[in-house]
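Here the working numbering is used: position 326 in the sequence shown is 445, and no number is missing along the way.
Hints should not be assumed to be uniformly reliable.
As the list claims (entries may be wrong) - Pairwise CB distance ranges (calculated):
1. P454 <-> V305: 51 to 57 Å
2. A282 <-> G366: 47 to 53 Å
3. R183 <-> R334: 19 to 25 Å
4. E223 <-> P454: 43 to 49 Å
5. G421 <-> E292: 21 to 27 Å
6. A282 <-> R432: 38 to 44 Å
7. V269 <-> G249: 23 to 29 Å
8. A473 <-> R181: 43 to 49 Å
In short, the hints are calculated from the structure, not lab data.
Everything numeric in this text was worked out from a predicted model, so none of it was measured.
Just so you know, even glycine gets a beta-carbon here, dropped at the ideal spot from N, CA and C.
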Amino acid sequence: MSGERFAALGADAGFFHGPLGFIFLVAIAACAKPATVASDPSPAGIPSVAGERALQTEAAVRTREARLQRLDDVSLPLLRQGPALCGHEVSHFGFRYLALEEVEDEAERDAYHELFGVGERPTIIGVTSGGAAQRAGLTPGDMIVGLGGVDVPSGAQGSVEIAFQLVRRRAGEPVPVVVRRGRESVTLEITAERGCDFPIHLSPSDEINASADGRWIEVNAGLLRFLESDEELQLVIAHEMAHNTIGHSAQDREYERLRGMRGAVRDAAAAAAGGVAPPGEFSRAQEREADYVGMYYLARAGIDTRGVARFWRRMAAEDAAGIRDRGDATHPAYPERFLFLEEVHLEIARKLEAGEPLIPDRVFRRF
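Starting from the given sequences, assemble the full structure and let the hints guide the process.
Written out as structure tokens, the structure is:
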């Protein structure tokens, strides 16, 4: 019972006057004491809500950055060995950086500072395994203060300056970089390597899926949780790279244009465009092409294509409907897909044995 309510009750009634009233008041006071203790939001030994929120935010940041690190590490061999197939390339430096000003959430800012030492100047938060930055000696926690002979300012403007300097550099061109490492200033030299221009992003979606839009690739967190090995992840990334290489998204955009046409004109034009699937879904033919070219991306990166098709057996266990060969399905049935990839593996193995170049020899739009 609150003090205000208790006082009001005593003022309005004569019930509390006399000996019995005194005894009753003592009983009420005794009952009220535990309520005072229970209202303490943070008893000794139990973290506060704010403290627990900070711990969970730190765990979320650590998990997200670990997933981004994995994507960087497993995709590098594919991007590095892919220019002969993808046809366009960019300089890869192999590090990610961040300034605290770029993080909107205060709890996340604290987490990045605690985990990676991120400060007001752009700070390296990820170094790709085997990449140019690692070879140069850069490490997470290095604060970038100079790049290419130019001072790097604080905050988001510093990140913009870094991006501007890096995009101007060609692969094979040494670039001086000055970092603050603890109390020391260290000057290093980083030389970028060439690779396919397919940025790979992480989506928080729980769906077991990945996607490509012709320019970049997006991998869902749900897929990363499902995958059992880096080789399976490389199979998925190679498949999405193949979609971009062949130009399937451009075909879908053509479909969108054709939807504005009517009747036989639209149908005839769609047929001439290869019978593309509705927007957001690649057709069975497109999926088969991406499976085929994706296997060559794997092989060129030195990844053994033997057994990678077993990924589709696990997908079948996850989605039993995909086992049946439905004529109206946009994706090949899992048994069909498995056997086709095994066939492509044998084709690649014969080329490796004969010393032939690992270039897809079936006629697609790019080959």
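Hint by hint, here is what the structure shows:
no., hint, verdict
1, P454 <-> V305: 51 to 57 Å, "56 Å, holds"
2, A282 <-> G366: 47 to 53 Å, "27 Å, violated"
3, R183 <-> R334: 19 to 25 Å, "23 Å, holds"
4, E223 <-> P454: 43 to 49 Å, "47 Å, holds"
5, G421 <-> E292: 21 to 27 Å, "26 Å, holds"
6, A282 <-> R432: 38 to 44 Å, "42 Å, holds"
7, V269 <-> G249: 23 to 29 Å, "27 Å, holds"
8, A473 <-> R181: 43 to 49 Å, "47 Å, holds"
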